[in-house]
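> Given next are the chains, with one letter for each unit.
Number of protein chains: 2
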Amino acid sequence: MTVELVCVGTEILMGNIVNTNAAYMSEKCAMLGLSMYYQSVVGDNPGRLRELLVQAKGRSDLVILCGGLGPTQDDLTKETAAEVMGRSLVEDARARQEIAAYFKDRRFTMTENNWKQAMVPEGSIVLYNPNGTAPGMIIEGEETTMILLPGPPNELIPMFEEQVYPYLRSRQPEVICSRMVKVCGVGESLAETRILDLIEGQTNPTIATYAKTGEVHIRISAKAAAEEEAYALIAPMEEELYRRFGDHIFTDQEQETLEESIAKLLIANRLTVTTAESCTGGLLAGRLVNVSGVSEVFKEGYITYSNEAKEKLLGVAKETLAQFGAVSPQTAEEMARGCAAAAGADIGIGITGVAGPDGGTEEKPVGLVYIGCCCRGRVMVEEFRFNGNRSKVRQSAVAYALRMLRDAVLAEVSQ
Amino acid sequence: MTVELVCVGTEILMGNIVNTNAAYMSEKCAMLGLSMYYQSVVGDNPGRLRELLVQAKGRSDLVILCGGLGPTQDDLTKETAAEVMGRSLVEDARARQEIAAYFKDRRFTMTENNWKQAMVPEGSIVLYNPNGTAPGMIIEGEETTMILLPGPPNELIPMFEEQVYPYLRSRQPEVICSRMVKVCGVGESLAETRILDLIEGQTNPTIATYAKTGEVHIRISAKAAAEEEAYALIAPMEEELYRRFGDHIFTDQEQETLEESIAKLLIANRLTVTTAESCTGGLLAGRLVNVSGVSEVFKEGYITYSNEAKEKLLGVAKETLAQFGAVSPQTAEEMARGCAAAAGADIGIGITGVAGPDGGTEEKPVGLVYIGCCCRGRVMVEEFRFNGNRSKVRQSAVAYALRMLRDAVLAEVSQ
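Sequence order for the protein chains is U and L. Numbering-wise, numbering that gives the first Met the number 0 puts 312 at position 313 of the first sequence, and it's gapless, one number per residue. Numbering-wise, numbering that gives the first Met the number 0 puts 178 at position 179 of the second sequence, and it's gapless, one number per residue.
One should not assume that every hint holds.
One copy or any two copies: either way a pair holds, since identical chains are not told apart in the list.
[Claimed, not checked] Restricting the straight-line Cα-Cα distance to at most 35 Å, the calculated cross-link-like pairs of lysine-lysine (DSBU-like) are: (1) 27 with 222; (2) 27 with 363; (3) 222 with 211; (4) 363 with 103; (5) 363 with 317; (6) 27 with 263; (7) 56 with 27; (8) 222 with 263; (9) 27 with 311; (10) 103 with 222.
Source of the hints: derived by calculation from the structure; they are not laboratory data. Here the structure is a predicted model, which means the values were calculated and not measured.
Could you build all of it, start to finish, from the sequences and the hints given here?
Written as structure tokens, this is what we have:
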């Protein structure tokens with residue numbers, strides 16, 4: 000069954016709000032195994048909305064609209080959808096009662112225009128709205144069904160969860176299941192080349208890659224009559240990905256982040272970590288502390304932006320800073336050793352670099368970053384040359400520091 | 000001039016990512032006085048993309064596409080747009096060089112499929128990409144111009160700011176000038192009610208509010224024949240906003256962030272700052288270090304996630320932690336005092352709270368955060384109860400810590 004989304008609202012076209020409703024409904028539709036080919040946004044303009052709905056009706060089995068159900072003059076979604084579906088509007092008695100009750104309960108003054116919200120397309124399934132005044136509607140046509148939902152997320156989400164999802168589930172013969180395999184330390188195009196044959200050969204399951212800073216996520220999706228069947232289709236493809244990427248795969252859990260997978264490794268192996276950050280100024284520690292419960296293995300960290308701080312807090316030698324400079328492999332190494340010693344941690348990560356836009360030189364350009372990783376006395380230092388603005392350089396540095404941390408833990412564990 | 004957005008990416012249709020690019024570009028187009036009537040999202044499917052582009056070409060002066068420019072098999076935006084615009088693809092020498100350099104600089108293994116990204120529609124304006132491998136393109140047709148941009152926001156945003164915006168600006172007959180007044184420490188709905196009369200009465204200039212975490216941005220835009228004229232229309236409205244929000248306005252510069260405005264204040268008044276972070280784990284320091292040159296006033300910071308670290312690095316009293324707990328106004332105060340003393344800084348900020356999802360209690364629920372600010376011995380402590388998930392709670396804590404830091408500097412200066 001094909002579905003498309005039509006979001007109505009000038010505030011989206013003006014960029015005043017981010018269209019989070021679309022992302023929410025897309026994920027739910029994907030979970031239901033609905034094939035979504037189009038999403039559209041139009042303003043509160045009946046002419047353009049009509050044109051779009053006629054087109055949507057012609058190409059999709061299911062059209063989900065959100066927004067424009069309110070009481071005001073320019074809320075015309077319902078009127079336009081009813082017209083395109085060839086229905087007239089009739090008053091729904093219960094909707095009228097609930098609107099009256101909504102205002103009474105809140106002691107709000109009710110204006111006449113609110114009764115407009117009790118009008119529904121004849122023969123439609125009314126989705127009553129405990130969180131607002133505008134009910135939703137399902138208009139079942141011969142080829143196409145239109146579902147109208149209110150725009151505010153606090154009204155739309157409960158209505159979708161409690162009424163729309165079960166309705167769609169009951170209409171859906173197939174389920175789609177998917178698994179997200181997340182890879183770090185391999186560029187997107189390199190990752191893609193490694194699985195090109197799988198991508199080209201894909202039918203069911205399908206696979207798609209998503210590039211993130213320092214990570215590549217690979218989604219395997221399968222359609223089947225039942226969940227078990229779908230996962231049975233996914234399993235061999237996932238095994239194949241593990242064969243090809245091995246240790247570079249840090250999780251196959253949709254919600255698990257790189258820092259979470261690392262925290263698990265650290266906790267499972269009773270290894271503690273600390274950080275000494277110059278150009279990243281706390282962002283690496285910030286990523287680690289994204290993980291609830293990381294306190295078991297991450298007790299403290301240091302932001303040592305000045306040379307003085309590097310000497311005072313980490314014991315980096317004055318001579319090292321003088322001879323090689325703050326941005327050097329030698330300093331990165333001493334930062335890593337120094338923070339591990341200061342915090343009494345098994346692993347210390349030191350990051351120093353030129354994030355820019357100022358401070359770059361011929362010899363040490365903007366984007367040059369050294370990361371040291373000291374694991375129980377053994378130190379690895381890597382040199383990186385990142386592109387982009389200050390923020391991109393710093394984000395990349397954090398992503399690669401996490402990869403080095405993970406590699407260090409894996410190496411330690413494998414001994 | 001009418002514009003429409005076409006975002007290409009199955010990951011948007013599957014709900015894997017929120018389409019923040021659309022909100023970003025919509026706001027920029029509104030600033031330019033372009034009329035946006037449609038936004039669409041399609042998957043990586045050349046047939047449906049072609050159909051949509053033909054339609055867009057027929058109804059809009061300008062079509063902005065984003066996504067699908069990468070090196071992989073399913074990146075087909077460029078090929079499809081070129082076909083619809085009747086152009087063939089030719090290799091761009093500089094793009095080829097830059098792609099090679101991108102991999103060489105990073106010592107990444109370059110795979111053959113990357114050369115695909117050096118191919119551009121003949122006669123198009125190439126937008127070189129310092130933050131990635133895929134260049135953008137402007138294809139000027141007789142009626143319609145298509146602009147192709149890469150999907151990753153850290154590539155798209157700088158390319159839009161530095162290359163696309165000036166290009167569009169030069170094509171606009173009327174100048175639209177705007178000024179962004181940024182407010183901190185006032186909630187969005189409160190901010191809106193304070194200026195409701197201005198919003199309702201707006202014609203030229205117009206004003207629009209944008210809610211950010213802990214900030215509200217108010218854009219004043221004016222249309223005129225010349226810049227001076229437009230700014231003359233903006234000036235009285237801006238003065239009115241200053242009358243209504245006073246010190247809560249931290250900048251009227253489009254690009255200036257809260258941390259930049261604070262760094263300026265600190266540098267101008269020779270005040271140094273340091274940070275002691277528990278639940279935010281380095282994010283506050285990370286925000287400060289966003290500012291190039293902040294090292295003058297921010298030398299070091301502490302991440303003290305464990306009680307031991309709070310005692311060892313900040314000198315928080317064991318008794319305080321035992322009697323009041325790590326999440327308490329007393330601990331926040333001692334963290335603020337302690338980090339200022341340890342770093343020898345004029346101002347110390349201490350943050351402690353329950354970010355969740357675990358660790359909440361009846362008495363100390365998830366979202367409870369205490370922030371202490373010690374300025375030359377005088378300490379302010381504020382209690383906050385933030386909503387949302389772990390990441391939202393931590394971001395809010397950082398936003399309000401920055402506001403407290405700013406207030407402390409202003410108070411110090413005004414003495």
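> For each hint, tell me whether it holds in the structure or not.
Structure-based check of each hint:
1. 27 with 222: within (15 Å within a copy, 40 Å between copies)
2. 27 with 363: between (42 Å within a copy, 34 Å between copies)
3. 222 with 211: within (26 Å within a copy, 39 Å between copies)
4. 363 with 103: The answer is between: 16 Å across copies meets 35 Å, while 52 Å in one copy does not.
5. 363 with 317: within (20 Å within a copy, 45 Å between copies)
6. 27 with 263: Close inside one copy (27 Å), not across copies (42 Å); limit 35 Å.
7. 56 with 27: Both: 21 Å inside a chain and 32 Å across chains, each within 35 Å.
8. 222 with 263: within (31 Å within a copy, 56 Å between copies)
9. 27 with 311: neither (49 Å within a copy, 46 Å between copies)
10. 103 with 222: Neither. Shortest intra-copy (47 Å) and inter-copy (41 Å) distances fail the 35 Å Cα cut-off.
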